[in-house]
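Q: So the chains spell out like this:
Number of protein chains: 2
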Amino acid sequence: MSKLNPVNIWPRNTTFENGEIQLAGIRAQELAKEFGTPAFIIDEDDFRSRVQDFRKALDSTFGSENSDLIYAAKAFLSVQVVKWLEQEGAGLDVCSGGELAVALAAKFPANRIEVHGNNKSLAEIRTAIEIGVRVIVADSLFELDRIEDIASQLGKKQAILLRLTPGVEAHTHEFISTAHEDVKFGFSISSGAAAVATKKALESKHIEMRGFHCHIGSQIFDNNGFDIAAQRVIEFMAEMKAVHAIEFPDLDLGGGFGIAYVETDTPQSIEAVISRMHEIVLGECKKHGLAIPHLSIEPGRAIAGPSTVTLYEVGTTKEVKLDGDRGRNYISVDGGMSDNIRPALYGAEYSVQLANRTSTSPLTSSRVVGKHCESGDIIIREVDLPSDVKPGDILAIPATGAYGRSMASNYNHQPRPPVIAVKNSQARVILRRETEADLLNLEVNS
Amino acid sequence: MSKLNPVNIWPRNTTFENGEIQLAGIRAQELAKEFGTPAFIIDEDDFRSRVQDFRKALDSTFGSENSDLIYAAKAFLSVQVVKWLEQEGAGLDVCSGGELAVALAAKFPANRIEVHGNNKSLAEIRTAIEIGVRVIVADSLFELDRIEDIASQLGKKQAILLRLTPGVEAHTHEFISTAHEDVKFGFSISSGAAAVATKKALESKHIEMRGFHCHIGSQIFDNNGFDIAAQRVIEFMAEMKAVHAIEFPDLDLGGGFGIAYVETDTPQSIEAVISRMHEIVLGECKKHGLAIPHLSIEPGRAIAGPSTVTLYEVGTTKEVKLDGDRGRNYISVDGGMSDNIRPALYGAEYSVQLANRTSTSPLTSSRVVGKHCESGDIIIREVDLPSDVKPGDILAIPATGAYGRSMASNYNHQPRPPVIAVKNSQARVILRRETEADLLNLEVNS
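Quick mapping for you: the protein sequence lines, in order, are chains R and D.
Numbering-wise, the numbering used here puts 273 at position 273 of the first sequence, and it's gapless, one number per residue.
Numbering-wise, the numbering used here puts 281 at position 281 of the second sequence, and it's gapless, one number per residue.
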């Protein structure tokens, strides 16, 4: 058995046998042969199990009736994935008409859909209200007017949350407490904007003002940011109770739960995060004399991210001399920034494993790069790989399930890779590979 | 007439009348109404005129028979644009099978196509040789073997250039001279890799070794980098002549010619860049006793970039308090990082103009943001705009023709905007807007 390192970045049903990676019982090389490369391979049971983990953590703390797990569709969305979420009892957070269209194509129940976005179009708001979504997270005063108008026209009352900016920016290992948040989202608590919006929402006849939402960051490993955000939002709920004599029933603390991309990433367990969140919410509500609100969270990356591995085929290698005696092996694969923009966009790090064989060759300083005409088209900037990696080898990059396919482009007219679901040694296409004909599909030749 | 500032960032047929932007004689508001927003509006005559400017500069220096203008397709590609390039006498640089497919769909002559890429697939190489492309720019020793094998199978001899890394990194206002280049592309002159590749190419029976290519950077305003690169490549040509007793007929100095995105951007004129390039090439060839080679250049951004304006509709505005007395008006539009990733990816700056009316309101510190669920979804980080910009207003962002539509994604399941060509007060769609049906087109429901 080859080294499985680090273990926590691979989908749960990944094994390493005779030096080959197997995904849910299927050899990586066999998947590459059958479906071509590059390809996203999603471990269906891994995806489902992470939904279940969140659900269990919520059930054992807030209770199943008093909490909701709402998957953030932006991380990765397809009709099949929506069906898995429906079956596992999750809600769905969409932030565009397009994401809503996928949910509806999958016949996802509208009363489990939450609608986000800083600039929802009139058409998006209308569709949401017409189909009866569970809640719209309102993000501006303009939007409160629009929801009121459209709900009035449709003879409906629409449940909303107000998105708040509590003055917390949370990052992987730190959080920054700010007086004002310089972001496009939400209503600032400290500036008074949140209080104005609350009053306006309460005065709107066709709006059912259910409570508050906040989202403090992405890829967070530490609870401190969530702690401060929960404290500030619950304190604000108490202030609003004092002013309006109303206890708002819903609190949504958003997403941002971090995952491991590389060995040195050590996010907290889901159980630990939720348990701590429960402790803080209980303590703050007790302090302010509030009933415990219904709690929602919105993980996206923490469910989709670890479920998926990208398989690439090596096309060329090239030893480049650097200063001194150093060299670097450039390993070019058949995808790149069109299927994974995160390294170029965020400086994101990934891991990689030779997937089709064991090598006993010495490790050498390597860079895994894509095939795009851009020198920044780098997938992994610096990694030790066997020096005999060669054209035809298959490389597996784990933890590509979130913001990989969902942010994919056709840069250089590269067709986007398929997404293949694997489960119990069976593989099936859930999003097919684009073809050259697809690439020409929007051309108008008049 | 409202202020047209800065003048050099707008397409050449843009006018400002009664406070409204007109593109090739059509009011921005009318375009927005007819085609919806967001939309890329490409000024066909502007695009063609920049091809002509390059052609003229080459004709008056190197001469029309002794030079080629090769458009870099990655900047923006569509069938219609390929037809314009064909009519204007340009060549086409493609770097993938997909880009080649568009060229072929437009019936572009194969003998004017140059094929780039650090990791061309066997299928891409085979297609290129089969159809008889003008030249393949070879990028690795593996690739030389592949070209030789496939050309041999097809009973052909394929013309190639070798891509060299001359040890120059050129940026907007500076260049860095390096001993070794830590990039995936090309063969290093200084390490000896370029000499090895030259020998190998000359020994390949089915390869016609035509000369050398280098590309030193992007968005370059200053000639120094081109000067050094030309000197080093021509010196290398002289060395290879000494070894192999052959003068290589072709020299391709690549692209990277900068354009103005904001007022403070002051790239050199096309005439000045080409004139200086001519001077250096002549001087270096004379110094080394070489005949003047056939010269090619590969502008992409410098042709497509300034030709296009993105029109957005404002959806919401929100005044956010910052520290001290400062505030910021967040103006949300109906597109964002899905149609322009460059601000998030490269920290790129853009300009913006209220397009549908004149405002006499005072200017206020503003940020133009998109509608995506991501706080980094910013189009213009800091700009003064009239304080009365409101929902329904149309904003025009110039210089979005390169790496806008070509790098566009469906992030948040946002349909990609159309590209509308305008010319002599006529508008026509050349790439249609994606629909929700298109977004679902790759779904497999088995």
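If you are wondering where the hints come from, they were derived from the structure by calculation, not from laboratory data.
This structure is a prediction, so every number in the text was calculated from the model and none was measured.
Check each hint, because a few of them may be wrong.
Unchecked claim - Covered stretches of chain R, going by a simulated chain D footprint (3 or more residues, C-beta under 8 Å):
1. 326 to 332
2. 340 to 347
Claimed, not checked - Computed spacing ranges between beta-carbons, pair by pair:
3. R:244 - D:319: 19 to 29 Å
4. R:122 - D:25: 28 to 38 Å
5. R:36 - D:440: 44 to 54 Å
6. D:437 - R:131: 29 to 39 Å
7. D:60 - R:382: 21 to 31 Å
8. R:445 - D:437: 18 to 28 Å
9. D:440 - R:130: 42 to 52 Å
10. D:361 - R:122: 39 to 49 Å
11. D:247 - R:365: 30 to 40 Å
12. D:154 - R:363: 34 to 44 Å
Heads up, the beta-carbon is just placed ideally off N, CA and C, and yes, glycines get one too.
Q: Decide, hint by hint, whether the structure agrees.
A: Okay, the hints, checked on the actual structure:
no.: 1; hint: 326 to 332; result: holds (count 3)
no.: 2; hint: 340 to 347; result: holds (count 3)
no.: 3; hint: R:244 - D:319: 19 to 29 Å; result: holds, 24 Å
no.: 4; hint: R:122 - D:25: 28 to 38 Å; result: holds, 30 Å
no.: 5; hint: R:36 - D:440: 44 to 54 Å; result: violated, 22 Å
no.: 6; hint: D:437 - R:131: 29 to 39 Å; result: violated, 18 Å
no.: 7; hint: D:60 - R:382: 21 to 31 Å; result: violated, 47 Å
no.: 8; hint: R:445 - D:437: 18 to 28 Å; result: holds, 20 Å
no.: 9; hint: D:440 - R:130: 42 to 52 Å; result: violated, 19 Å
no.: 10; hint: D:361 - R:122: 39 to 49 Å; result: violated, 25 Å
no.: 11; hint: D:247 - R:365: 30 to 40 Å; result: holds, 39 Å
no.: 12; hint: D:154 - R:363: 34 to 44 Å; result: holds, 39 Å
Hints 5, 6, 7, 9, 10 from the list above are not met by this structure, while the remaining hints are.
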